[in-house]
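Visitor: Spelled out from the first residue to the last, the chains are:
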Amino acid sequence: MAQHRVVLSPDRFFDPNPEQRDMARHLYGLVAHLPIVSPHGHVDPRMFADPDYRFGSPAELFIIPDHYVFRMLYSQGIPLEKLGIPRRDGGEVERDHRKIWQIFAEHFYLFRGTPTGIWLTQELHDVFGVDVPLNGETAQVIYDHIEAKLAQPEYRPRRLFERFNIEVLCTTDMATSTLEYHKAIRESGWSGRVLPTFRPDDVIHVNAPGWKENIHLLGELSGVDVHDYGSFVRALEVRREQFKALGARATDHATLTAYTERLSEQEADRIFRRALQGEATEEDAQRFAGHMIVESARMSIEDGLVMQWHVGAFRNHNRLIYERFGPDKGADIPVATEFTRSLRPLLNAFGNDPRLTLILFTLDESTYARELAPLAGHYPALRLGPPWWFHDSLNGMRRYFDRVMETAGLYNTVGFNDDTRAFPSIPARHDVWRRASANWLAGLVVRGIITVAEGEEMVVQMAYSLAKEAYRL
Amino acid sequence: MAQHRVVLSPDRFFDPNPEQRDMARHLYGLVAHLPIVSPHGHVDPRMFADPDYRFGSPAELFIIPDHYVFRMLYSQGIPLEKLGIPRRDGGEVERDHRKIWQIFAEHFYLFRGTPTGIWLTQELHDVFGVDVPLNGETAQVIYDHIEAKLAQPEYRPRRLFERFNIEVLCTTDMATSTLEYHKAIRESGWSGRVLPTFRPDDVIHVNAPGWKENIHLLGELSGVDVHDYGSFVRALEVRREQFKALGARATDHATLTAYTERLSEQEADRIFRRALQGEATEEDAQRFAGHMIVESARMSIEDGLVMQWHVGAFRNHNRLIYERFGPDKGADIPVATEFTRSLRPLLNAFGNDPRLTLILFTLDESTYARELAPLAGHYPALRLGPPWWFHDSLNGMRRYFDRVMETAGLYNTVGFNDDTRAFPSIPARHDVWRRASANWLAGLVVRGIITVAEGEEMVVQMAYSLAKEAYRL
Amino acid sequence: MAQHRVVLSPDRFFDPNPEQRDMARHLYGLVAHLPIVSPHGHVDPRMFADPDYRFGSPAELFIIPDHYVFRMLYSQGIPLEKLGIPRRDGGEVERDHRKIWQIFAEHFYLFRGTPTGIWLTQELHDVFGVDVPLNGETAQVIYDHIEAKLAQPEYRPRRLFERFNIEVLCTTDMATSTLEYHKAIRESGWSGRVLPTFRPDDVIHVNAPGWKENIHLLGELSGVDVHDYGSFVRALEVRREQFKALGARATDHATLTAYTERLSEQEADRIFRRALQGEATEEDAQRFAGHMIVESARMSIEDGLVMQWHVGAFRNHNRLIYERFGPDKGADIPVATEFTRSLRPLLNAFGNDPRLTLILFTLDESTYARELAPLAGHYPALRLGPPWWFHDSLNGMRRYFDRVMETAGLYNTVGFNDDTRAFPSIPARHDVWRRASANWLAGLVVRGIITVAEGEEMVVQMAYSLAKEAYRL
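Protein chains in written order, with our numbering: chain A, 1 to 473; chain B, 1 to 473; chain C, 1 to 473.
By construction, these hints were calculated from the structure, which means they are not laboratory data. Bear in mind the structure is a predicted one, so any value in this text is a computation, not a measurement. Glycine included, C-beta positions come from ideal geometry on N, C-alpha and C. Be aware that one or more of the hints could be misleading.
To be verified - Calculated cross-link-like contacts (lysine to any residue; reagent style SDA-like; alpha-carbon spacing at most 20 Å): (1) 329/A to 316/A; (2) 329/A to 348/C; (3) 329/C to 345/B; (4) 82/C to 352/B.
Stated by the list, open to error - Listing some non-contacts, in silico: residues in chain A with all C-beta distances to chain B over 12 Å: (5) 9; (6) 25; (7) 122.
As the list claims (entries may be wrong) - What follows is a set of in silico ranges between Cβ atoms, one per label pair, in the way DEER data are often shown: (8) 18/B to 193/A: 44 to 52 Å; (9) 51/A to 77/B: 50 to 58 Å; (10) 451/A to 328/B: 28 to 36 Å; (11) 189/B to 469/A: 53 to 61 Å; (12) 77/B to 257/A: 23 to 31 Å; (13) 273/A to 269/C: 44 to 52 Å; (14) 212/C to 136/A: 51 to 59 Å; (15) 453/B to 46/C: 35 to 43 Å; (16) 10/C to 328/B: 48 to 56 Å.
Chain A with its partners taken away, still in its complex shape:
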């Protein structure tokens, strides 16, 4: 390969002050090689079910499935069709993956200073041994290089899992998932620990497309005849047990707002029956979803599943893109979120119960210091998830440390989630967190706020043990 070599500085992302940089390097050194605990993400379990599973082309690995990548290209006027994103109507899209890769490489400069740019650079370098910068000139030779690597057995997902030193990886699975791949992983005898997570969004939002079909599926998979609210709850409880039997440690919930409400059994039943008859209103749907969050907390107290809640993404903002390409195409946009009043019904019901662990994620950073840190610094059941999605970045982490830690305290947070569907990017993502954590703690040490010994303990907790403990892994 030609061009100047990519060199990843061993001190990258650390403060340039020599005193802080030295301390950051020291602290980072304590965690750089710790196993990866990945308690929340979207990796497809299928890739571990079959020991011979192969990633596709470089474009299929890096571009086509990754909305972090193609949204940026799209924002600069490149049609998704040219990037090979499949259309719902089966319409023509680019099929020459070398051409797709060429466009990507020519526009790789768009990712300068972005977390996606950082992850991709590190992934190309560390996982694939690419040591020239990606651009229009190097595009094809890098394509060749990656293609050759992907053909090797060392690049099968299970081998990478081991090479990445992943101790445990949790996927996200709908309530209507058959969990077939998780079963296959278990039955295969492979030692890798890949666990499902129970996400009941598909059966909780009574006005979402396909809800009724999902309710039928839920009935089939649970073996419970779901015909009213009571049987719906029983079916959920059965499914949670089925997930637990395959190692699940947590549930996951996603909503636009943090609205919660505790309905009476009768009210919940009335809404559920209206929904079955296709007569639920928008208000019904919102109240039912708010109630089911509270009800899920009740179940968690009983069955011990940790509860995760991701709030505030307005999904499918771009109608044209949604209609042509479907969901998860880079058009989910955050909205301002209210927690203090919204969570009160939930927290008054179960927030004082230390058997519950509710981990909250927000896309509205203005709530960090104003609402979430004070709430987590009081309620025993509440913990704060790491900076999420757009905020999973160096600046996002810095803002999170600055605004959350003084009030919530480190011990009401839960370490890191990579939250990714891009499996080979996992080491890079955890590395950014570990470097950012080390640098933040180094800043506290050199300012006389914590001692070196405290920093040494805290960096291990941030990189490894807080996540493991919070998720009961």
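Position chains B and C relative to chain A; hints supplied.
Guide: Chains B and C only, in chain A's frame:
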């Protein structure tokens, strides 16, 4: 005492850059030993009324009355009963203060990197001479040590007041306070300057529990028969004069929102009469409170009392804790706050009058640069209070300096408030502010934004004179 | 001149870390002398129409027209009358400009650490050669000095335009502007490039004072008989062509909220007719304005004018000041702004069309990372304008870089706007941006996030080419 010694770096909290650190040290040196002006806080005046007043046990001094401390322990699942917090129903709580102290010490690591941790460490070190870290092993020997100190005459409140070099300390006193301790302080001939502050929240919120009793008390204390809006206003005016006679310089107001409205005399009277008959609606209560804020500004213009307003705390968020333990138990949570539209009626009525000084406090930092700094940078009557409560921290101060000063200018701010009920923590709190101020100004100097001479003037203003002037002390 | 000399550090505003400072100096050196591209501002074109145009007194140049300056003096209790601000009723105001200047100089300390202080200091130093600090003692000698300079031909606007190395300057002109000065500039044969910008706020807000007169003017100037919605749209299209003929590259829109809605032709016509009859409701006005934003995007796609939109200023907050002195008197206050839901109708209509360039400006920084960066990082039509108004400051820029760039990417931003009516402050304003940009990029380089070569390319884009390309200049 065993273990490694606690050393407080003389340069703590300063930037690690040598140039900025040197300048910060220089500027801090100019104010480190200035007298403390404490224009707003919640210290109980009782402790100064009796020259022989003694603090109780270490647990009674550090833990039981301080919701900053026990909320963090509670958030990690430690019941408040185990911390000796008294229950409303008189139910059993831990009475062995050594056990309470032991729990606190074992969990002191929870405060790493928090302002409470910083204050406690400095307070233990500087006020009580504790030079080993507080943890499970050192708990009892530190308890012994503090207990012995507290038995000494040097640890009576008046002696500490003098040792702390407090020039003036303002307390916060309800409109229905008899002010007996303030009278006793005056009559005792002691030279310490402890002044009351008039806080009429107990008579302004017509739907709050106990409002009617408070109105009766107000009538008794003012000697005005309060039977309608007109007599209510007269009673308030009398009480303000009574507070002034004991040295009061300011009033204080606390509300959930910044809503203001100017009612006609007739409307105000109608609401007041409905309230006396127990028939005021929620809307009545909100409108009346919004009106009384405007009316208080009118009174301030006439009698010269500076007006403080603390906006945005959702009180008693946790019903169970409120019912079992009462208010001020660490369960007050901020909410998003709107100022621009809400303050308009007030500011259009009195904001152009330079005789009024209205000092605003917010828990919603997103309003600093967006609303409060532009408002304070325009209206002659408006000043911004320092970062409040959860934001009274190193990062909170940094964010405040960054977001407020460029638009409002330093001279529309009022220096520091410690806002504490923990009397022995006052020097530590002011020290954090002085260090943070010096460090911020040093950053401006080394970036060529202000000159050294300007920094030298400004640091004294921030540490001392702005507060003194704004509160007319 | 006496007193100690003002020295502007060549490294001012850079981080004090030597490694970062050296890199910042290097990057700044690449752009310090590039021509100024000023694509949005409020300079009066009149000053370039007449080659002999002279600025008035120092007070007329620096104080009387600049609400950034007098609002701060007003906030400290100095009546606007004393600063010579003309009253609407023709009432008495200070006419002795030396007295006005004296007050300003005595209070110049109020601007310490503010962007206005930075610009004024640099402007006095670089443009007028003032090398002593401005204060009460130096006031009159500096006045003499500036007055003498202003009498020289070198201080005519055209000469300063050339000296400032301005490549292009865009003004802001209402839809009802005759554009006479722009025509005069063109006809004068002067080589300076001064272009109009089409701002139709005066004809779009149907309930604003004077709207009907403006509609008549619009009819006259366009030669279209405006009697219904269809003819209104035609008149706008004609005027846009007239602006384009004089070089306009863009339109500009200002609203309180980001509300958009697409009305049917019939609905729009019904509202327009009601408005002509003076019967439009507040709701009509809001819906019509929201519709006209969408319609303006449609026009931009057709005629190629770039669209600018400034959202979130509550105008004329202070009624007394507005009634006595009129608009633009330092009493415009930002409000919290919602973009995600509000922009959806507009973006779903035209956001996917790369022929449209819509540049958004906000006064609510909490929307940077939460809403605007994700939107701009997806929609091809959307770009983000630089930090605006109160946020056009060193900290404002830092916050913008930190919160926008990781998600939107640099290439969805558009460089700098000075947005000023204070013509001689333009070089200082661009210099602050260039220094802040260089320092930010230097921070990325020394942290190993971008390479030196990337930083060198990006600093030129930020200082010069992004603006030129986005505005098609």
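Visitor: Are the hints correct? Go through all of them and say.
Guide: Going through the hints against the structure:
1. The straight-line distance between the Cα atoms of residue 329/A and residue 316/A is roughly 8 Å, inside the 20 Å bound, and the hint therefore holds.
2. Taking the CA atoms of residue 329/A and residue 348/C, the gap is near 15 Å; set against the 20 Å cutoff, the hint holds.
3. Note on residue 329/C and residue 345/B: the hinted pairing holds, with a Cα-Cα distance of about 19 Å set against a maximum of 20 Å.
4. This hinted pair checks out: residue 82/C and residue 352/B have alpha carbons roughly 15 Å apart, not beyond 20 Å.
5. Under the 12 Å C-beta cut-off, the non-interface status given to residue 9/A relative to chain B holds; the minimum distance is some 20 Å.
6. Look at residue 25/A: its CB is around 14 Å from the nearest CB on chain B, clear of 12 Å, so calling it non-interface holds up.
7. For residue 122/A, the non-interface assignment is confirmed: its Cβ lies about 27 Å from the closest Cβ of chain B, beyond the 12 Å cut-off.
8. Distance hint for residue 18/B and residue 193/A: a CB-CB separation of about 48 Å, consistent with the stated range 44 to 52 Å.
9. Checking the proposed 50 to 58 Å range against residue 51/A and residue 77/B shows it is violated: the Cβ atoms sit about 43 Å from each other.
10. Our hint of 28 to 36 Å for residue 451/A and residue 328/B holds, since their Cβ atoms are close to 32 Å apart.
11. The given range of 53 to 61 Å is respected by residue 189/B and residue 469/A, whose C-beta atoms sit roughly 58 Å from each other.
12. Take residue 77/B and residue 257/A: their Cβ atoms lie about 28 Å apart, and the range 23 to 31 Å holds.
13. Range check, residue 273/A to residue 269/C: Cβ separation about 46 Å, and the 44 to 52 Å hint holds.
14. In this structure the hint that residue 212/C and residue 136/A lie 51 to 59 Å apart at CB holds, the actual value being about 57 Å.
15. For residue 453/B and residue 46/C, the hinted distance range of 35 to 43 Å is satisfied, since their beta carbons lie about 41 Å from each other.
16. Under the hint 48 to 56 Å, the C-beta atoms of residue 10/C and residue 328/B, about 54 Å apart, fit the expected range.
When each numbered hint is compared with the structure, a violation occurs for hint 9 only.
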